[in-house]
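2 protein chains.
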Amino acid sequence: MKSGNIFDSIPDKLDEEVFDRLIQNNKVKIERIISKGHISPESGWYDQDQDEWVIVLKGQALIAFESGEEVGLKEGGYVNIPAHTKHKVKWTNPKTETIWLAVHY
Amino acid sequence: MKSGNIFDSIPDKLDEEVFDRLIQNNKVKIERIISKGHISPESGWYDQDQDEWVIVLKGQALIAFESGEEVGLKEGGYVNIPAHTKHKVKWTNPKTETIWLAVHY
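So the protein sequences, as listed, match chains U and B.
All letters in the first sequence, in the order written, are residues 1 to 105 by my numbering.
All letters in the second sequence, in the order written, are residues 1 to 105 by my numbering.
In case anyone wonders, no lab produced these hints; they're calculated from the structure.
For clarity, every value in this text was computed on a predicted model and none was experimentally measured.
Among the clues, some could well be false.
Note that the list lumps identical chains together, so a pair holds whenever it fits in one copy or between two copies.
[Unchecked claim] Here are the simulated BS3-like pairs of lysine-lysine, each with C-alpha atoms no more than 25 Å apart in a straight line:
no., residue 1, residue 2
1, Lys95, Lys2
2, Lys90, Lys13
3, Lys90, Lys2
4, Lys27, Lys86
5, Lys2, Lys29
6, Lys13, Lys95
7, Lys2, Lys74
8, Lys2, Lys88
9, Lys27, Lys74
10, Lys2, Lys58
11, Lys27, Lys13
Chain U on its own, in the form it takes in the complex (with noise of 0.2 Å):
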């Protein structure tokens, strides 16, 4: 069976965020995203297609929503995000990785 463990092979350097794909087919991708204080451009919303489940495994991130709601996120944290609502990540700790774990479906 095809396992593993999504607290391993964190890469030391994390100059950039780091998206691991897991599962995808034509129903569904799952990705582990790793990021250290990395924020979403300043201007500019993410606007996908597919609905996103995500949840925060470890650290801490700020979702910012084009309506102006905000969701927090510590570890266990989790928020769906439907198709084409615009969303940012808005703040994630710099101190240590944040790693998500994304459902887009």
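Use these hints to put chain B onto chain U, whose structure you have.
Relative to chain U, chain B alone:
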């Protein structure tokens, strides 16, 4: 946005495994499963029509496959179980909750 924390609202009584559906549409089902010493029945196997990607977020578990392979999972451990791959949960830690996140796709 629909948000929450996967470690919240753990029932005190866990006589049976607890299944909480977090997301379901025609492509994917995401659920939280809480076990505490629960294992599959001695005879028979799970035989599912869909693929399942499952990760242990707390606790420990051992999954056995009809092939004889066994996969031990601790915090962060995941395994992908293709459709119709017969398997069972051989063991979960009886002393603490095991919290699983399962993506059926």
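Hints, one by one, checked against the model:
1. Taking the closest pair of Cα atoms, Lys95 and Lys2 never come within 25 Å of each other, the shortest separation being 32 Å inside a single copy and 28 Å across copies.
2. Taking the closest pair of Cα atoms, Lys90 and Lys13 come within 25 Å of each other only inside a single copy of the chain (21 Å); across copies the shortest separation is 39 Å, beyond that limit.
3. Taking CA atoms no more than 25 Å apart as the test, Lys90 paired with Lys2 passes between copies only; the shortest distance there is 18 Å, against 34 Å inside one copy.
4. For a Cα distance limit of 25 Å, the shortest separation of Lys27 from Lys86 qualifies both inside one copy, at 22 Å, and across copies, at 22 Å.
5. Proximity of Lys2 and Lys29 under a CA criterion of 25 Å is satisfied in both settings, with 16 Å inside one chain copy and 20 Å between copies.
6. Proximity of Lys13 and Lys95 under a CA criterion of 25 Å is satisfied intra-copy only: 13 Å inside one chain copy versus 38 Å between copies.
7. In this assembly of identical chains, the alpha carbons of Lys2 and Lys74 lie at most 25 Å apart only when taken from different copies (15 Å versus 28 Å within one copy).
8. For a Cα distance limit of 25 Å, the shortest separation of Lys2 from Lys88 across copies, 16 Å, qualifies, whereas the shortest one inside one copy, 32 Å, does not.
9. In the homo-oligomer, the alpha carbons of Lys27 and Lys74 never lie at most 25 Å apart, since the shortest distance is 28 Å inside one protomer and 27 Å across protomers.
10. Taking CA atoms no more than 25 Å apart as the test, Lys2 paired with Lys58 passes in both settings, with 23 Å inside one copy and 20 Å between copies.
11. Taking the closest pair of Cα atoms, Lys27 and Lys13 never come within 25 Å of each other, the shortest separation being 32 Å inside a single copy and 36 Å across copies.
In the structure shown, a violation is registered for the earlier hints numbered 1, 9, 11, in ascending order.
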